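S.K.: With the hints as constraints, model all of the structure from the sequences given.
Numbering (mature numbering (1 follows the signal peptide of the UniProt record, and there is no 0)), first residue to last: -23 to -1, 1 to 81.
You can trust all of the hints, since none of them are fake.
Cβ pair distances, simulated, as ranges:
| # | residue 1 | residue 2 | range |
| --- | --- | --- | --- |
| 1 | GLY40 | ALA15 | 34 to 44 Å |
| 2 | GLY66 | GLU22 | 28 to 38 Å |
| 3 | HIS60 | GLU22 | 23 to 33 Å |
Derived from the structure by calculation, the hints contain no laboratory data.
As the structure is a computational prediction, the values presented were derived from the model and not from experiment.
Glycine included, C-beta positions come from ideal geometry on N, C-alpha and C.
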Amino acid sequence: MFIHQTSYVIWLALTSFVSHSNAALRTYNLTVHSDVRAPDGVSREVYLINGLQPGPLIEADEGDSLEIFVKNDLPVDTSLHWHGILQRGSPDMDGVPGVTQVSY
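M.R.: Okay, here's the thing in structure tokens:
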């Protein structure tokens, strides 16, 4: 039993090291702007992120850190809502504009 527990502890230590050693800082630059598009066949001004609607895919692995820079090229204030990203230490970056989130 002692050997089994020791092996388990070593396995945990190694897997913890491996998962943290593979963690990466992923940086994304997003520009919010408008353009004329026809998503439903009728041309009109739409909001885009880096020329895409919906915006670009943000990929990360568990343990990664994300650094996301957002430039607002719209003539009005805007905000982004982040799905699936833990907002530890930055709750003002997720929520309702003017209530829990600042819009720029």
